[in-house]
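Visitor: For the protein sequence lines, the chains are U and F, in the order given.
Under my numbering, the first residue of the first sequence carries the number 552, and numbering increases by one thereafter.
Under my numbering, the first residue of the second sequence carries the number 552, and numbering increases by one thereafter.
One or more hints might be untrue.
With a straight-line cut-off of 30 Å between C-alpha atoms, the simulated DSS-like cross-links for lysine-lysine are [unchecked claim]:
#1 U/K687 x F/K555
#2 U/K817 x U/K861
#3 F/K587 x U/K575
#4 F/K587 x F/K608
#5 U/K575 x F/K608
#6 F/K687 x U/K720
#7 F/K826 x F/K861
#8 U/K687 x F/K587
#9 U/K570 x F/K587
#10 U/K600 x F/K861
#11 U/K861 x F/K555
#12 F/K587 x U/K555
#13 F/K687 x U/K555
#14 U/K817 x F/K768
#15 U/K655 x U/K861
#16 F/K587 x U/K655
#17 F/K826 x U/K826
#18 F/K687 x U/K826
#19 U/K861 x F/K826
#20 U/K809 x U/K768
#21 U/K809 x F/K826
#22 U/K570 x F/K817
#23 U/K575 x F/K809
#24 F/K687 x U/K687
#25 F/K809 x U/K720
The set of hints was computed from the structure by calculation and includes no laboratory data.
Number of protein chains: 2
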Amino acid sequence: MVIKVGILGFGGLGQAALKLLSTKQEMLCVALADQKGYVYASQGIDVNKAIATYQAKGSVGYLESGVLSDQSIKALISNPNHNVSGYFLALPNLPNTFMASVAKEFISSGWQGVLVDAIKRTSAVEQLIGLSEDLKASGITYLTGCGATPGLLTAAAAIAAQSFAEVHKVEIQFGVGIANWSAYRATIREDIAHMPGYTVDIAQAMTDAEVEALLDKTNGLITLEHMEHADDILLERLGICSRDRVTVGGVVDTRNPKKPLSTNMKLTGRTFEGKISTHTFTLGDETSMAANVCGTAFGYLKAAQAFHQKSIHGLFTSAEVMPLFVQ
Amino acid sequence: MVIKVGILGFGGLGQAALKLLSTKQEMLCVALADQKGYVYASQGIDVNKAIATYQAKGSVGYLESGVLSDQSIKALISNPNHNVSGYFLALPNLPNTFMASVAKEFISSGWQGVLVDAIKRTSAVEQLIGLSEDLKASGITYLTGCGATPGLLTAAAAIAAQSFAEVHKVEIQFGVGIANWSAYRATIREDIAHMPGYTVDIAQAMTDAEVEALLDKTNGLITLEHMEHADDILLERLGICSRDRVTVGGVVDTRNPKKPLSTNMKLTGRTFEGKISTHTFTLGDETSMAANVCGTAFGYLKAAQAFHQKSIHGLFTSAEVMPLFVQ
C-alpha cells in the first residue's frame, strides 16, 4: 500500500523532501503547499516541474493544477476531496509558534491522519505537547522532533541509554557543510538565532545582505553552543535524564559542502554494575543534512501511519517510536 | 505503576538480570525459574538469597517459598494466583527450539502479558515468527531479539538506515571480555557452536574439561566470523536490506574482563543524493555484556508493556519497536 503524502513548506527542506520521496515506492507525494499557494495531484507531483515553478515564480500555486492562496495550508488540508494520509511539516521553525498553529489548523479541519515535523526548539515542542489531548481527540497521530537533531540522534540516544542505570550526559555535536547558504535561507537564520547576542526576532529581521556581512566576519562559519534544541525535552519526557544534562552544539560551514566535523551523539552514564562509560553514534560525513533530516522524517511518518492504523492517536516523539524504513 | 516481572533461566544472564532489576523502581522481580524449580514472591525476590541458594544448591526451588519441579516453567506460568505482567526469557539459546517451545507453553497456559527474549540465532527467531498469529490470538505481546546483538545494535542499525535510500551492508563486531568463563557456561558453548568445525550439538556435548582444552589452544580467545545471528532476519523483515548483507562477528576473551575490541555497528548505504556513507554506533568498553543485554531486554519489556496496554498483541522485534528507559 502506497502512503499518500503531502509536504507543507517548500524551501530547501521541502524541496529535498520531494526529491527524496520521488525515489520511494512506498510513498507518493500528492500535495505541496508554500506561503502563497498549493497543489494537489492524486497521481503524484512532478518533482522537476514543481521545483522549477517554485524557483521561477515563487509558489507551487503557479503549477498547472495549482491554486494561489494566502491561506494555502488551510485550503489544502480542509478540502474533503484531497486524499492525503500524512503530511511532513517542512515548515520554517520561525516564528516559534508556527508549527503549533499549523497543528491547530489540522485539529480544527476535521482531517484525520499522521503528521510529522522536524522541529528544533524545546519551546516549540512544549507547545505541541500542550496539544496532545486535542490531537488524540481529533484522530491525529503526530510525531514531533523527527529530523536529524532532534530526531535521528535523539533516537540513537534513547537506544544508547539502554545500557545504563543512570544517564549523566548526552552531548550532540553536529557538523553541517553547505555550498551556498542562499538555498537554506530560513535554516541559516534559525542557526544565527542561536548565536550569542542574537534572538529569533533579530535573526528573522536580518536582510540577506546582513546575513552575508555576518558570515564574512566568521569566514562563513556559524559556531553554536548550548543551543535550545528539543532533544533535551524529548529525553527528559522519557525519564532518560533531566534536560540540563543534554547539550547540543555544532559548526555550520556555509561556504563548503564538506562538514567541518562529523556529526555525533555521545551518551555517558553509569551501568548497574557501577561502571561509567560512553556510547557514541557518528554519522558518515557524506550524508547531507537533507538525507539525515528528510530520510528520518519519512521513516517516522511510516511508523506514525502504522500507529494510526492501530487507532493509536495523539502526540509522540522521535525518542519513543522506532522509525520504519521506507522503500 | 510498578511492572511485576519474572525471569526464566537463572544462569549468568538470569542472575545479572535480577541484579539489574533490583536497582529499578519501575520494575519488581516477583518470579524466577530454573531447570529444577521456581520461586514466586508477590512482594519481590531477595537478590542475594536467590543467587546464594542457586549457587549452593543448584535451584531457586530450594528458597523458602520455592518449589522444586522438573516442569518449573509450566508450573510457574500456569498458576492463576501468580501475578506477573511480563517475563524475560533469559534461557539458554540451545537447543535451538527451546525458546519457541517456551513460547508455546505460554500460549497454551492461557496467561496474558508480555514476553521478551535475548535470542541470538536466525533459525530460532524464524520459529518465533511462525508463532506470531498464535501469540496474537492468546493476547501475548512478544518482543524477540532484545539483547545486545540482536537488540541494542540492531535497533541502532534501524535508526542509522534512516539516512539512506539503499542499505549496502550492516557489519556488527562485538568484543566481549569475561574474567572467568565458568560463570557463563551456556553462553560460551553457544559461542563455540559458531566456530568453524563446530555445531550446536558438538558444543552442547562438550564437557567443561573439553571447553578448557579448546580455550587453552586459543589463549582464551574465541574469534567468530559470519555468525548465524538474527540481526539479519530482523533487518530483512523491515525491508532495510536482505539478510546476506548483514554480518556479525566478534572476539570473546574468556580470560580477561577487558574487551578485546570495542563493540560496534557500521551501516553503509547510498543516500537519495547518490552518496555512499557509513554511520557507526560504538559501545563504551566499560559496559559489560550483562549491562548491554539485560538493560536492553528490560527497556523492550517496558515498551512491550505499553503495547500490551493498548491491546497490541503478537510478535514484534527489537528493530521495529523503540525500547523505553526503565527508571
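Visitor: What are the numbers of the hints the structure violates, in ascending order?
Guide: 2, 3, 5, 6, 7, 8, 9, 10, 12, 14, 16, 17, 18, 19 and 23
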